[in-house]
Amino acid sequence: MSEQDNDAFEKRSRALFQDSVEGLDMRIRSRLTQARSAALEAAATRRPWALGWKIWTPAAGVTTAAILGVVLWMGSPLHHQAGTLADAQSNFEDLDLLASSDEGSADAMDMLQDDIDFYDFADKDANPGPAA
Amino acid sequence: MARFGTLNTAWMVWDNPAPTPGGAAVLEYTQELEKFLAEIERRAFRMAQVALRDPDDALDVVQDAMLKLTRNYASRPSAEWRPLFYRILENGIRDLQRRRTVRKRVMTWLPGPKEDPDNEAQDPMENVADAAPAIPERLMQAQAMQQLEESLRALPTRQREAFMLRNFEGMDVAETASTMACSEGSVKTHYSRAVHALREKLGEVW
Numbered sequence: 001m002s003e004q005d006n007d008a009f010e011k012r013s014r015a016l017f018q019d020s021v022e023g024l025d026m027r028i029r030s031r032l033t034q035a036r037s038a039a040l041e042a043a044a045t046r047r048p049w050a051l052g053w054k055i056w057t058p059a060a061g062v063t064t065a066a067i068l069g070v071v072l073w074m075g076s077p078l079h080h081q082a083g084t085l086a087d088a089q090s091n092f093e094d095l096d097l098l099a100s101s102d103e104g105s106a107d108a109m110d111m112l113q114d115d116i117d118f119y120d121f122a123d124k125d126a127n128p129g130p131a132a
Numbered sequence: 001m002a003r004f005g006t007l008n009t010a011w012m013v014w015d016n017p018a019p020t021p022g023g024a025a026v027l028e029y030t031q032e033l034e035k036f037l038a039e040i041e042r043r044a045f046r047m048a049q050v051a052l053r054d055p056d057d058a059l060d061v062v063q064d065a066m067l068k069l070t071r072n073y074a075s076r077p078s079a080e081w082r083p084l085f086y087r088i089l090e091n092g093i094r095d096l097q098r099r100r101t102v103r104k105r106v107m108t109w110l111p112g113p114k115e116d117p118d119n120e121a122q123d124p125m126e127n128v129a130d131a132a133p134a135i136p137e138r139l140m141q142a143q144a145m146q147q148l149e150e151s152l153r154a155l156p157t158r159q160r161e162a163f164m165l166r167n168f169e170g171m172d173v174a175e176t177a178s179t180m181a182c183s184e185g186s187v188k189t190h191y192s193r194a195v196h197a198l199r200e201k202l203g204e205v206w
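Sequence lines, in order, name chains A and B.
Just so we're aligned: 106 in this note's numbering is position 106 of the first sequence, and the numbers increase by one with no gaps anywhere.
Just so we're aligned: 113 in this note's numbering is position 113 of the second sequence, and the numbers increase by one with no gaps anywhere.
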């Protein structure tokens, strides 16, 4: 097979292909035009949507980071330690109430001081020790 | 195919009264893109049809290629559109051929309706007489093209791609290599083998 024959073959096949392209019927041509229009329309309508994504991406990133932070905090030992601290705070508040010098608690302490003999008697009566 | 039958709306967003900033540039490259697609679409369709045989399948892959190009690569330099478009098209053709092969394998395992030998060739268009009497020369050309198509379908995929891109689409070796994502040497080899195989096959009838 010579190079010249190859050239002739290539020319002929190209010409045949070109003829078949030009001979496409109207139905196919019309559908290709519709396909082209649809592709250009899709590209055009997609653009604002894509722009919207560009705008919302940083906000979505910040929100995700915040959610992730909360999730990690809830699962971390620090969160449990914070709970313990809160309990301790509650105990302090109880002590504070007991030790506070407001009117009610001062009265109670006075009453305890006044009837100390009675409480001593009651204690001995309830828990009688061995006879002396 | 349903995809092609539903375009009744006005299709250009550029008809809107208030263009966005930079709209002029977008309009310009959209017009350029439309010109490019209009110029290329028929050849692309015929090349897809050569590979797939079925015109509806060919229309589908061409439309998909157009959509992917306009959606993903419209902003690329226009010189890159042709290799990109044909690469997308060839990928689409290969995907469809692969799906066909899988479907065929599955169908052989499934019980189906028995084939009626009298019921082949049910395409009604085949029975419609041509409106104009066929000119012998035209008829011979059509037959020659049909033979060429059949021979091309029998070639290995890469050889067929190289031949169609170089010969039908008129791409040079570098552009073909870029489209096929291979080296220029590979393109030359595939093309040379394709020409050799086709000539061997068609030599007697051409």
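Think of the hints as simulated: they come from the structure by calculation, not from any bench.
Fair warning: this is a prediction, and the values are worked out from it, not measured in the lab.
For every residue, glycine included, the Cβ atom is placed at its ideal position computed from N, Cα and C.
It is possible that part of the hints are untrue.
[Stated by the list, open to error] Which bits of chain B does chain A cover? Going by a derived footprint, with three or more residues having C-beta under 8 angstroms, they are: (1) 31 to 38; (2) 42 to 51; (3) 87 to 97.
For a quick check of understanding: which of the numbered hints are violated here, in increasing order? Of the numbered hints, just 3 does not hold.
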